[in-house]
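Asker: Letter by letter, the chains look like this.
Number of protein chains: 2
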Amino acid sequence: MELISENRVFGGWHKRYKHASQVNNCDMTFAVYLPEQIEHGKKVPVLYWLSGLTCNDENFMQKAGVFKYATDHGIAIVAPDTSPRGEGVADDPDGAYDFGLGAGFYVNATEAPFARHYNMYDYITKELPSLIEEHFPTSSKKSISGHSMGGHGALTIGLRNSLAYESISAFAPIVNPIDCPWGQKALSGYLGTNKSAWLEYDATELMKATAYARKLPIKIDQGNADQFLEAQLKPAHFLEAAKKNGYDVEFESHEGYDHSYFFISSFIEQHIAFHAMCLNEK
Amino acid sequence: MELISENRVFGGWHKRYKHASQVNNCDMTFAVYLPEQIEHGKKVPVLYWLSGLTCNDENFMQKAGVFKYATDHGIAIVAPDTSPRGEGVADDPDGAYDFGLGAGFYVNATEAPFARHYNMYDYITKELPSLIEEHFPTSSKKSISGHSMGGHGALTIGLRNSLAYESISAFAPIVNPIDCPWGQKALSGYLGTNKSAWLEYDATELMKATAYARKLPIKIDQGNADQFLEAQLKPAHFLEAAKKNGYDVEFESHEGYDHSYFFISSFIEQHIAFHAMCLNEK
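The listed protein sequences derive, respectively, from chains A and B. Reminder that position 281 of the first sequence reads as 270 in this note's numbering, one-by-one numbering, no gaps. Reminder that position 125 of the second sequence reads as 114 in this note's numbering, one-by-one numbering, no gaps.
Chain A with its partners taken away, still in its complex shape:
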């Protein structure tokens, strides 16, 4: 691992690292926030934050205003990049923002030319947590959250790995990618046209399909002035599936809020408190 930069913030440290990823076959960059509690020899739990389309490891760390709350609750934050990058990594042929670089959709691609590098599902669920636990004073307790495409990632990864995480949250998530333009483009590009392969990457389908033995607490916030609400996000699809499955989901719609980090920063305090309650349980 190569340290790219470090900044003191709210008594802790924000650090960016580059490392050679085995599962993605390229260098990957991530950011980590380590709260001051680690200086007293404490192992802290980790919240993984998955960002949305076009983002990298920096957006959340610079714009969410999360550090105060992470420090209040003694939680580390890990923010990975949203796709593989670098020489030889395939991109959208037209350079679109919603597929390819910056748009990995947290899946393991099976289609050429993406299958070689686009294995973000394995990266987030296996390689990155191993790396974090090896190199930083973190406990094995972890939760997962994200925004938009990253909210999709948090919900699908959390639901499929309910023993690995303590809680799931999302801001304005894409909850039903098989039924929206962003999702259909990404899933067909990464997984091919056989739609049965798409289902394990669709939060609404996952919610429909399984009788969950361990029901992780889920919290979702959504602005009702979000420009992507009706065409891409469709939270009602997920909520309906959860209701039918008897799975309680904490959902709140917020008057006047849009899809931006101004929305995320307004409610991140409650998300950190929500995860802290689960992560800091004895």
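It is worth saying that the hints were derived from the structure and are not from the lab. Note that the coordinates shown come from a computational prediction; the quantities given were computed from them, not determined experimentally. One or more hints might be untrue.
No distinction is drawn between identical chains; accordingly, a pair holds when it is met within one copy or between any pair of copies.
Derived DSSO-like pairs (lysine-lysine); straight-line CA-CA distance at most 30 angstroms [what the hints assert, rightly or not]:
{"#": "1", "residue 1": "K204", "residue 2": "K233"}
{"#": "2", "residue 1": "K197", "residue 2": "K232"}
{"#": "3", "residue 1": "K208", "residue 2": "K4"}
{"#": "4", "residue 1": "K32", "residue 2": "K115"}
Following the hints, complete the assembly by docking chain B onto the known chain A.
Answerer: Just chain B, lined up with the frame of chain A:
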């Protein structure tokens, strides 16, 4: 005034505007945060935030995490651009980051070709406050703060207009521009080589020169791992002048913090509380 964008945040509104500036002879962009208190018909006081080199109206609003505290205290925030911009506005001949566009240094330029557009001192002290008070539900009470070049702006503008403001604060300010490379380049470029003209734009010289009838409260925070501390910022020069003048300045040095917004976001809560105490006095 033309509304560029608006976002709901922390119960209030972040809005960006463009307007034709008379003093700068070009269009200027600024951002304003209006806290939710205005919805109850309350006129709120204003904190003007002056940003540093290379910034525009967006950096502080996106990265400082200020909205929670502005809402807690019922304060509006106004973040202007750091220079005139647009077609016909002169820039550094070499396109350097520390002079010209994004580097107006909050002076009224007298040298060609800058004098026509670079009148940021009059813009901040006269034109912008008039515009704000005309268009928004703000009281006439205002304070001023800033970072680096903007800390220089806040200190010099506040000291020279002690009846117009209630308090001054700065993060990592350039306190003695006549004695550092950034300042010498800017002041000679905008004001010419007659150094007597520079003195009214130097916080340390202003602090030396005047027996202040109204001593505005001043708060300065500085990271001791700031990469610009010794060559450019030199806070000791200002503190020494203040001490000789019998002017109390609240100064704190912070172990391990650098020049970035990670530093600003870590201590912005205390700055807002400091200004609120002065702005919300009956």
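Asker: Indicate, hint by hint, whether the structure satisfies it.
Answerer: Results for each hint:
| no. | hint | in the structure |
| --- | --- | --- |
| 1 | K204 to K233 | within (14 angstroms within a copy, 66 angstroms between copies) |
| 2 | K197 to K232 | within (9 angstroms within a copy, 70 angstroms between copies) |
| 3 | K208 to K4 | both (28 angstroms within a copy, 29 angstroms between copies) |
| 4 | K32 to K115 | within (20 angstroms within a copy, 53 angstroms between copies) |
Checked against the numbered hints given earlier, this structure breaks none of them.
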